[in-house]
Each structure stands twice: as structure tokens, then as C-alpha cells.
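Please model the complete structure; the sequences and the hints are all you need to start from.
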Amino acid sequence: MKKSQQEAYKQDYAAAKKDGKPFFPYAIYKDSLIALLAIGIVITLAIVARVEIGEPVNPASSDFIPRPEWYFFFLFELLRIFKNQNVLTPVIMGTFIIPNILILLMIIWPFIDRGPERRIWKRPISMAVGTLVIAFMGYMTYLGATAPEGIGSGETIELEPQDEISTRGTELFIANGCGSCHMIKGVGAAGPGPNLTNEGGKNRGVQWQIDHLKNPQSKIPGSSMPAFASLPQQDLEVLGEYLNNLGTKYK
Amino acid sequence: MTTKDIGPKGPVVKTGEAVVDYVDDRSGVKTGARWFLFRNIPKGTSWFQTLGFTAMALFGLQAITGIVLAMYYKPDTNTAFRSIEYITDEVTWGWLVRGMHKWGASAMIVVVFLHMGRVFIWGAYKYPRELTWVTGAVLLFMTMFMGLTGYLLVWDQKAYWATVVAVNITASAPILGPYVGDILRAGPEFGPNTLSRFYSIHMLVIPGGIATFIGLHLYFITRLGISEPPWSKRRLRIERDEEDARRRAARERQSLAGRTVVPAGEPAVPARAEVAE
Ligand code: HEM
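Sequence lines, in order, name chains A and B.
Going left to right, the first sequence walks through residues 294 to 544 as the working numbering numbers them.
Going left to right, the second sequence walks through residues 733 to 1009 as the working numbering numbers them.
Read the hints as simulated data drawn from the structure, not as lab findings.
If you're wondering where the values come from, they're calculated on a predicted model, not measured in any experiment.
There could be a bad hint or two in this list.
[As the list claims (entries may be wrong)] Straight-line alpha carbon distances no greater than 16 Å define the calculated EDC-like cross-link-like pairs of lysine to aspartate or glutamate that follow: (1) K890(B) to E348(A); (2) K544(A) to E451(A); (3) K415(A) to E971(B); (4) K295(A) to E862(B); (5) K314(A) to D324(A); (6) K295(A) to D406(A); (7) K775(B) to D312(A); (8) K965(B) to D305(A); (9) K775(B) to D305(A); (10) K544(A) to E457(A); (11) K965(B) to D312(A).
[Claimed, not checked] Chain A is faced by these chain B residues, among others (derived, beta-carbon under 8 Å): (12) R771; (13) I773; (14) L790; (15) T820; (16) R830; (17) I841; (18) V866; (19) V896.
Every residue gets a Cβ at the ideal spot worked out from N, C-alpha and C, and that includes glycine.
Here is the structure:
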């Protein structure tokens, strides 16, 4: 905005104010009415939809679903999209680049859009950017809300041939909640972890898999996968063998 | 301070007046309250302009219900979950307070986003209100961080693992990530200290930050005045007048160029300086 336009705005606003009404009581009464309504809605929801108590934390435990509050769904969805499947979808896009671009854009927006115009229909670019961001976040939140939370009870993964490793490995995979972040042959959640159906094809080696489970960050720096160091060594070995042959020996 | 219409003043009234004057002389509360309450705002402010106040009221509600919860909550990995159960099942009205705190958090997020949407759509972040927007953006960020830190306090499986993932994501960011991760976790691993750290952040650090920034936000709003709806009656009238003036000026120019005679009865309009919108 040019200096003259700033002055013009100030004058115009002073005129509006001169012609206006006192904040107290005209604005205060509207404010209080809506605030009381909001508090009423909160109390009603608290009575109608009682809070639940979940399962106590067990860091060594099996089945869990890492599900955040709904207003972080869009971030988790970003992880599902960007999970290193190819060069176009590096994990860092979902974990760092896009969220930070959104935050930065929000903070510096008034210094980007500096025109004097305030009417909606005369600000097509602002409105387009705003609508795009809102639609994107809304859609991602919707996806997050409707995404499967993991492997349903009774569901299992059909792998051929069935031997000790493939049966026990599938059991461990399900029991340890891997399915809330990974998918094997269409079973489990589509993210935030990569699809493991063809994990064996990567030829990581059994030892790599075991080390990765014990400490994911040591093998994939910046991985957001929790560590499974508390699993018994025997189970780790089965899982390592299992993962290392997914898609090659076990299809 | 003088009060005239109550007849002869008793000693109580006199003392009261003296006390108020004494305090105002030193603190300026009266002046401040007048500055805040009895300033003019533009006519025709809309119901959408109540959302900021509503966010503030919900923050107050969170503070009150939070204080009550803190009276029973025990921030220790061995007792946290049990104390939440106790609040929900045994404390009188405990389930209601916890429910209000939980739903209040969601409601606050919704209202803050709606408030931000209204500011955006109205272009109310433009000169001179840029810094009001920036303080608001910080408030949004802190409000969401409240949600993240509070979620873990319940110490149940769902929240625990979601928080593990969220903190791992933070720690994976380049350069500062690992340090922020360590700060949040109170070390390289999730443990007992993580819970008390989140408790302290959730109970002291961010609420203090939010209160401070609400103060700043309000100072800016009061100083600059709440913006007028861009389509208020007054604005529309000015725009119509401007449009008329523009049209007349154009007609005049045309008539001068074509040397046509100005129709009788039409008053000559002085070319009006265009007021920038
Ligand atoms: C805890 C969160 C917040 C609180 C308590 C709050 C409070 C308020 C209040 C009471 C007002 C007065 C007018 C109204 O109610 O609309 C206001 C105006 C304003 N807010 Fe916020 N706000 C919050 C978050 C935000 C956010 C996230 C933004 C944007 C990024 C923002 C930007 C603004 C701006 C630019 C104004 C001036 C608008 C005008 O003059 O028309 N605020 N805020």
C-alpha cells in the first residue's frame, strides 16, 4: 500500500469511527451472547458425548493405534502421501517442507498481500489461495478421519507358501500394531509407513531388518517409526526373516 | 471523581471515592478502562466479529476446567492414567469437567480457525493491522501445541503412540529438529521425564504464552480499532458516489472532446479527487 493509500485508509476509518457506536455495550453484548452459546455447546457435548478412558500406556505393548487429535489428521495424512515411495515423494515433504511452508505463509501473509482492496470480489488471487489451502486441509482432515485405523480383528494376511516364518511373522506383524502404519497385500493402513508388500525385494538383509526394528533412526535417519527394541530377540529374528522375504519368497 | 445525584455523601461514599481516586491517580485504571470500553467502533459491525472474543472466552473456560483437573491429576507415569480414571469415575462432576476440557479444546480450535477465516475474507489483516495478524498466527500455533501436549497427559495407548510419532517427526526435521526433539522428550527416549515435561509445558509455558499474546493482540485491536465490514452501508454509499463521480467526469471529458453542449440542468461537477479504497 502506498503512503497516500495508507493515509486515505486512516481517514476513511476515522470517519467510520466518528459515525460509529461505543464498544461498550454494543459490541460486548453481541460478543457475550455468542461466547455463552459456545460455552453452552461445549457443556452439552460434554454431557451427551462422554469422554472415554482408553488403555493405559504400555511402551512394550502390542496392538496400538497412533491416532492423533482430529486437528492433526491433516499432518498424518501428509505422511501417508509422502513416504519415500519414489523421488517425488520424499518423507521430508510431509514432515517438514509442506507444514513449514504453510506456517510461514500464514505468518507473513499480510506482508505478501498488501493491496488496499478489501472487497471479496476484487481480490481473486487472495480468495483463490485461501480457498485452495482451506480445501486442501479440509480434504486431508476428512481423509484422516475416514482412514482405516489398522488391521480389524480377525483379519489376517494371506501369504504363500505358509510355513513357520510366514505364519508367525504375520502374527507378530498384526500383534505389534505394525498394521496401523504399514500395509501388506492390502491389509493394514496405507501410511504413514511405506507399503511392505515387496519389502524383501529391497534386499536389505535380515540383520538390517532386525537392527532397524530395534532402532529405526539408526538405519533410516529421520524415520518417524517408533523403536521395537523391547521385543524378544526370537521375535525380532522371525520378523527380520519375514520382512526380508516379503514379496520374494512370501507372496 | 464526583458523584452528584445521591444527596449528601456519607463517610462510606467519601472513603470509596477517595480510594478510587487514589488508585486511579497512581495506576490510570479508570483512564485505561475508558480507553478500552468507551471507544467508538464502526457502525454495522457484524456477528462474525464476535469470534475472537469467543475464542478468548473458551480459553478462559479451558483455564478454569484445567485448574480443576490439575487438583486431581498426578503427572507421573505410574499414577497419571489412574488419576484420570479417578477424575472420570469418582470425583464429583469430574467426568463433566474433563469432558468440558476435552470438548473445549476442540471448540477453541474450531472457533480460532473460523475467526482467522473471517479476518482473511474481510482483508482485515491489511494496513494497519498486519501485526495483529502476526500475533494471531502465533496464538493459533500455540493453541494447537496445547492440543498436542495435553493429549499425552491422559497417558493412554492411543495418545502415547500418536505423541511418539509426532515427536519423532519433529526430531526428524533438519538442523534444529534433533534438539527440539530432545527438549520435548527430555532426552533421547520417551520416559517418565517426558510426561512431567509435557505437563509443565501444557500447564505453565504455553498458557503463559497465550495469555501474553492475547494481551498483545487485544492491545493492537484496541489501539487500531476493529475494522469496518468492507461492505458496510457507509462504504457502499462512498463507492456509489465515487462511481457516479467517475462516470460524470468521463462524460464531461467526452463532451469537451466532441465539443457537445452540456445538457441543461446537469450541474457542472468538479473533478473529484479519487479517494483510494
Ligand atoms: C487464541 C486465539 C485468538 C484470540 C483469543 C483472538 C482474539 C481476538 C479478538 C477478541 C479480536 C477482536 C475482533 C473479533 O473478535 O473479531 C481479534 C481480532 C483480530 N484477530 Fe484474533 N484472536 C485469536 C487468533 C487469531 C488468529 C489465529 C489470527 C490470524 C492469523 C488473528 C488475527 C486477528 C486480526 C487481524 C484481528 C483484527 C481484525 C479486525 O480489526 O477486524 N487472531 N482477535
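Quiz item: Which hint numbers doesn't this structure obey?
Solution: none
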